[in-house]
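**Student:** Take the sequences, apply the hints, and build the full model.
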Amino acid sequence: MIPWHTGPWGWSGTVFMIVMMLVFWGGLLAVILTVLRHPRFTRSRLTDAERILAERLARGEIDEEEYRRRKATLQR
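Residue numbers 1 to 76, in the working numbering, belong to the letters of the sequence shown in order.
Where hints are given, some of them may not hold.
Ranges between beta-carbon positions, derived for each pair [claimed, not checked]: (1) A58 - M21: 27 to 37 Å; (2) T47 - R69: 15 to 25 Å; (3) Q75 - L36: 22 to 32 Å; (4) R37 - E66: 28 to 38 Å; (5) V23 - R68: 46 to 56 Å.
These are computed hints drawn from the structure, not numbers from a lab.
C-beta atoms are modelled at their ideal positions from N, C-alpha and C, and glycine is treated no differently.
**Tutor:** Have a look at this one:
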């Protein structure tokens with residue numbers, strides 16, 4: 001038996017395996033990037049709290065001094 005014999009597929013088996021590995025790793029990378037870019041992972045609760053605080057300041061519900069005090073509390 002010849003040790004370098006590649007069987008009935010010849011080199012096409014190797015090429016197919018390389019292509020399928022690239023498809024697999026590319027698909028896995030695409031899934032990971034999609035999950036990490038999802039808004040649930042990119043926005044933190046602190047950002048939401050600061051946004052709400054800024055909206056309350058804009059509506060006049062709190063004054064600027066209270067806004068600064070609460071924002072400093074959130075950033076601790």
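**Student:** Taking 22 to 32 Å as the hint, is the beta-carbon distance of Q75 and L36 inside that range?
**Tutor:** Roughly 24 Å apart at Cβ, these two residues keep to the hinted range, so it holds.
**Student:** A range of 15 to 25 Å was offered for this pair. Does it hold for the Cβ distance of T47 and R69?
**Tutor:** holds (19 Å)
**Student:** How does the Cβ-Cβ distance of R37 and E66 compare with 28 to 38 Å: does it lie in that range?
**Tutor:** holds (35 Å)
**Student:** Please check whether V23 and R68 have a Cβ separation lying inside 46 to 56 Å.
**Tutor:** Holds, at about 53 Å.
**Student:** Between A58 and M21, does the beta-carbon spacing fit 27 to 37 Å?
**Tutor:** Violated: the Cβ-Cβ distance is about 53 Å, outside 27 to 37 Å.
Of the numbered hints given earlier, the model fails hint 1 alone.
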